[in-house]
Amino acid sequence: MNNKTDLLHSTSTDQLKTLEIHKALQTTFVARTIYLFSTLESTNKTGLKMAGRSPSEGVLEGTLVLAEAQTQGHGRMGRHWISPPGVNIYASIILRPTISVLDAPVVTCLAATAVVQAIRTRTQLEAVIKWPNDVIIHEKKVAGILTELGVVQNQVDHLVIGIGINVNLDPEMLPHEIRLTATSLKAEMRESVNRNKFIADLCNNLEERYVRLLNKGTAPILKEFRSLTATLGKIVKVLTPGGTLEGRAEDVDPHGALILCTGQATHEVIHSGDVIHLRNSK
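Numbers -7 to 274, taken from the numbering used here, label the letters of the sequence shown in order.
Keep in mind that the hints are not guaranteed to be accurate.
[Stated by the list, open to error] Subject to a maximum C-alpha distance of 27 Å in a straight line, what follows is the list of computed BS3-like cross-link-like pairs (lysine-lysine):
| hint | residue 1 | residue 2 |
| --- | --- | --- |
| 1 | K15 | K178 |
| 2 | K215 | K132 |
| 3 | K229 | K132 |
| 4 | K41 | K9 |
| 5 | K133 | K37 |
| 6 | K226 | K133 |
| 7 | K133 | K178 |
Calculated directly from the structure, the hints in this document are not laboratory data. Source: prediction; values computed, not measured.
Using the sequences and the hints, build the whole thing.
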């Protein structure tokens, strides 16, 4: 096990510790190497730099980058992710799958299911997925996923899965404008969660599903994703780069794109967009 630590002294009673994470790991390669920092601009930014252009130039597959705080944490479309120190999980995992760029979104689906199952196992909270990359509890966002790629000749050379989870964040720490739409595990449970054990749970779940993807393809991953996605079956509004659509979220296609029924016989396949849940379908 390789531990690379750059931590300042912390007053947190739940300080991240590589040894504590490794104690609970059941993986063969994910998080067997951990780089732990006190502060980073973004774990994904650091992870992409570490990944390099090839396995011989970059770090080992499964390397985990963690930070106690981020100064430029972001999600899709560059949106800022609130990243205070010592209370949440800011993690990036470096992988080198032999998949096409077309199938890369399925890795985000895989990561979302891993997060949901970690939350359910560790807290018994009924977390679900909001397509494509948010994890919600009672319609409030608790986690987000951002997957970024390094591509060579239309094949994925490496990818970095960025995962941000509001763990022990007090609601008062959230900006007023998002307090009605965001939450944390602590806020929902009324008690703190051990971040080290949670990270181990997450990595165990993620490796299991990643190996399944490599061995059995996308179908088993998407089957689980569908079962955990609250978006399907709902009437939704989708904000896309090309405009706003409204309809019934029917399914996801073999690459994880959302299939939206906008009329009696009209369907749209949406690869990227922001979903707003309006109501359940009749």
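Check the structure against each numbered hint from earlier and tell me which ones fail, lowest number first. none
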